[in-house]
Amino acid sequence: MALDSKIPHGPISDKWTDYKDHINLVNPANKRNLDVIVVGTGLAGGSAAATLAELGYNVKAFCFQDSPRRAHSIAAQGGINAAKNYQGDGDSVFRLFYDTVKGGDYRAREANVHRLAEVSANIIDQCVAQGVPLAREYGGLLDNRSFGGTLVSRTFYAKGQTGQQLLLGAYSAMNRQIGRGKIKMYNRHEMLDLVIVDGKARGIIARNLITGEIERHSAHAVVIGSGGYGNVFFLSTNAMGSNATAAWKIHKKGAFFANPCYTQIHPTCIPVSGDHQSKLTLMSESLRNDGRIWVPAKLEDAKAIREGKKKPTDLSEEERDYYLERRYPSFGNLVPRDVASRAAKERCDAGFGVNKTGEAVYLDFAAAIQRYGKEQAYVKGLDANDKNLVIKLGTEVVENKYGNLFQMYLKIVDENPYITPMMIYPAVHYTMGGTWVDYNLMTTIPGCFSIGESNFSDHGANRLGASALMQGLADGYFVLPYTIGDYLSPDIKMGPISTDLPEFVEAEKAVKDQIEKFLNNNGTHSVDHFHKKLGKIMWDKVGMARNAKGLNEAIVEIAALREEFYRDVKVPGKANEFNQELEKATRVADFLELGELFAKDALHRNESCGGHFREEYQSADGEAQRDDENFAYVAAWEYKGKPSDAVLHKEELVFDNIKLVTRSYK
Amino acid sequence: MKLTLKIWRQKNAEDKGGIVDYPIDGIEPDMSFLEMLDVLNEQLINKGEEPVAFDHDCREGICGMCSLFINGEAHGPDRGVTTCQLHMRMFKDGDTIFIEPFRAKAFPVIKDLVVDRTSFDRIQHAGGFISVNTSGNTIDANTIPINKHDADMAFDAATCIGCGACVATCKNSSAMLFVSAKVSQYALLPQGRIEATDRVLNMVHQMDAEGFGNCTNTGACEVECPKGISLENIARMNREYLSASLKG
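From first to last, the protein sequence lines are chains D and X. Count the first sequence with the working numbering and you get residues 1 to 666, in order. Count the second sequence with the working numbering and you get residues 1001 to 1248, in order.
No lab work stands behind these hints: they were computed from the structure. Even for Gly, the Cβ is constructed at its ideal location relative to N, Cα and C. Errors might be hidden in some of the hints.
As the list claims (entries may be wrong) - Straight-line Cα separation of at most 25 Å, BS3-like style, residue types lysine-lysine; simulated pairs: (1) 1011/X - 512/D; (2) 374/D - 356/D; (3) 252/D - 200/D; (4) 532/D - 1047/X; (5) 1247/X - 411/D; (6) 184/D - 31/D; (7) 411/D - 1092/X; (8) 584/D - 253/D; (9) 570/D - 1092/X.
As the list claims (entries may be wrong) - Cβ pair distances, simulated, as ranges: (10) 532/D - 1096/X: 24 to 34 Å; (11) 1047/X - 532/D: 31 to 41 Å; (12) 604/D - 1133/X: 44 to 54 Å; (13) 138/D - 1011/X: 19 to 29 Å; (14) 1140/X - 383/D: 52 to 62 Å; (15) 1232/X - 319/D: 42 to 52 Å; (16) 1015/X - 22/D: 53 to 63 Å; (17) 356/D - 1098/X: 46 to 56 Å; (18) 274/D - 1133/X: 43 to 53 Å; (19) 1015/X - 524/D: 38 to 48 Å; (20) 1098/X - 20/D: 22 to 32 Å; (21) 356/D - 1023/X: 26 to 36 Å; (22) 568/D - 1011/X: 24 to 34 Å; (23) 22/D - 1011/X: 55 to 65 Å.
Claimed, not checked - So, partial list: chain D residues that the calculated Cβ filter (under 8 Å) puts toward chain X: (24) 130; (25) 142; (26) 159; (27) 508.
Take the sequences, apply the hints, and build the full model.
Spelled out as structure tokens, the structure:
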């Protein structure tokens, strides 16, 4: 099967407008005859459900949490980009488009990214109209800040809780439609399979997580907005419940899975403290606006700090190595995430790490506190030479900007980051890979759409900061509502789809069989035991830097672990009750397949790009070496029974508007 | 650390339930409270017993999914944190810790420590939104200037995570802090004013219908709130409610 991306013809700046002008529309009176299922209620799923209901479709929305408001989009801290150019610093739709394509190391699809940049400004208008309290300046206008990988200030934010506020905005839009009866909300439900009738997605099989009942739900189209698969590493910044099941089940039913190896490692997370750890916590990238990253310049100082014989504050400026400022003078601490992450790993691997395990670098706010403190003293007409006063005033400014993050750090690490520099280390964060979609956001299964982090299209091999929220809301509020109408228009006279069709019966049986198998397995190890083992293989051999030897080993080890899991996993409890171990088992089963495909994808890609770094392909000074001649394509995998049998399809990436150059932030 | 856990076990909503003792050893001060429960559950599974069900998701204090009444306090002894951000360094070797679900008539137990908080959602369905179409054809955001002070206060109210600690800790199981936070956010913003009357009446009506009790200004909710939502919001909601009632 040849991949057809359905990118409209014409100049890039006109594609989306022309497309919208020519698609088939559904008459408002007919929309109420059409049902749409939306799986996942984060920024993408929530905004899509609300908008589709607003348009008049009957929406059934599903989330595994107890309320749509818990979706993990809520944890995004830093902000959302939009090409508003409110600051007059040279921003434009083209520049946002350019930064995103460059930031993604030229592995994203131009047409999708341009559309994203075009609708970005609408997102801010929409959210403000919904009452999202974005940060304001004293004049009453919206405030902006800058983020890694860009030279303009285009990020809108709500302190360090931007994701929370945007999600609650989408949730409130959903609530309005739930209250009107246009969205039927299924909390604590998990999609366990996709139902295909006559080649089209026509429903799902879901488990009611409270009663354990297996339910059939039909619709004219199914939208997956279930987020990313970072939890394949066990330890990640994702919520504990974040899983790949919905995306993986549609893959097994025919949706191609694109670029699974593109996984972003976020540079500013709280380091791992021990074996008991269940998840990693991110500190917003916005901290790099004011925090300076460093390690000791001398190995003996690093050793002394690790042993507790020296404190970071004991080292003078000359004894510190501000390695990002040294290596990348024009972007400094604001280099993109992949660059900052690799640079931290490089210093720690060289022995300069500063915590007990040697896997941490400092993020230091002392200079910012001084700078802000002096400014405030000057503004208030106070003595700018009074050291204590300057620190007090500067601390207040930093607290205003990042207070909740500092408090979170203090609670977790038990150290005051206003006094002692924070320790940070990279952690698995966001997955740029996902289900392959065409320009309409439709997967290779007709009628099955994929939006937000669960698709692959907009971020290439690396996601710039403040662009995930942008994509989730763009897809849900402004893109899918158009493209799905074009798909649904021939279905207006179809009527409701029966859940008694043999395809529903068969899919339900497969789900029930898997559950029974787990519960009767009587193995010796818990689900977490296997998940942690998978995570260790992934981090050691498929993590921040990979090589062919390690990847080959990982593929064999994951396949063996999967067999062991099915032979030896122990799942207590029953099928027809609230059973959290059973929930985990069905999710980890999918991660155990996805992990292998992930490694296989990383192995075939003989280049380094963005969040994918192959040690064999690097320049003399350790920068990623891309191979545009041979790898400027999307790797879309077709399921053939086992991950090892997956078949590769290529979507060649054509760059008409942006010239491919080596990405440099020096 | 060596601890004795006294945990509420309840098979389902119909079961009577009761406290069961679990001795546990080898707990590190760096562990979060939920990681301590993970350790317990791993041991229970290995012994062939059923693990303790508890709600959790983001484990970074923002999703509002985790709950737990710990030694008689919602989210435990630390202030300004959720249970997932509570660390074992707050306890001492040899401690006995009581762990119970958030109890309230409007929060029925689902299993063990897991309760049903969808009553909060239903209050939001009744009016926790601004009636604007999600079409993208709204006016430019900067044409609605908002005083920074008001925007900041609206933001502070909007940071409520809907965890239910306020209800669990209130002697009357009142949801006033939760509801008032949402009412306040919109009351402070120009976008929300136009439908303020209906909003406050509908939300308060739904709150009562769900079986939450009344506020008697004890203030325990504010003390236990992990996000520091202020009692001022309740005062603001009462003003909004009074003025809406007078308008009829």
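Practice problem: Hint by hint, work out which the structure violates, then give me just those numbers in ascending order. | Solution: 2, 5, 9, 11, 13, 14, 17, 19, 20 and 27
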